[in-house]
Amino acid sequence: EALRRWLAAAALARPAPAGRVVVVADGALAPVQALLRWDAAWFAGRELAERRELGFPPAVRMASVTGPAEAVANLLAAARLPVDAEVLGPVPADEGRERMLVRVPRARAAALAEALHSAAGARAARKAADPVRLQVDPLSLF
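Each residue of the sequence shown is one higher than the one before, counting from 1 in full-length UniProt numbering.
Where hints are given, some of them may not hold.
Simulated restraints on C-beta separations [to be verified]:
# : residue 1 : residue 2 : range
1 : Ala128    : Arg20     : 55 to 61 Å
2 : Ala13     : Glu86     : 43 to 49 Å
3 : Ala110    : Arg5      : 31 to 37 Å
These are calculated hints, taken from the structure and not from any lab test.
The C-beta atom is built at its ideal place from N, Cα and C for all residues, glycine as well.
Build out the structure end to end from the sequences listed, making use of the hints.
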């Protein structure tokens with residue numbers, strides 16, 4: 001996001017005859033290098049390689065399940081997750097809730113979504129009191 005904003009701002013200055021861009025940041029940082037090179041594709045490739053290595057989206061599909069600890073655990077126990085699903089966590093979320101992450105290869109995204117959707121539907125049919133939030137590929141993992 002920072003690189004996108006920097007490129008947009010720099011694009012406004014560059015066409016002017018005396019247009020200049022001053023970057024006050026560590027030149028070794030990858031987003032700064034991409035700006036200096038004017039090469040967003042290089043940065044995107046680097047970012048994707050790092051995400052692949054770490055097992056983060058978009059290299060994999062990830063779902064977050066957030067709510068009271070017991071409700072999250074019960075939903076995940078009821079879900080028929082794909083065999084290759086990895087359950088990560090729990091990590092603390094806001095207001096005394098916790099978050100569990102479920103990671104699958106991209107090819108198993110539909111199976112993950114179906115498993116969570118079915119478990120959430122069964123939970124809703126039982127009129128479970130504690131709310132649980134499901135997100136696929138959330139912007140914030142922690």
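Each hint tested on the structure:
no.	hint	in the structure
1	Ala128 to Arg20: 55 to 61 Å	holds, 59 Å
2	Ala13 to Glu86: 43 to 49 Å	holds, 45 Å
3	Ala110 to Arg5: 31 to 37 Å	holds, 34 Å
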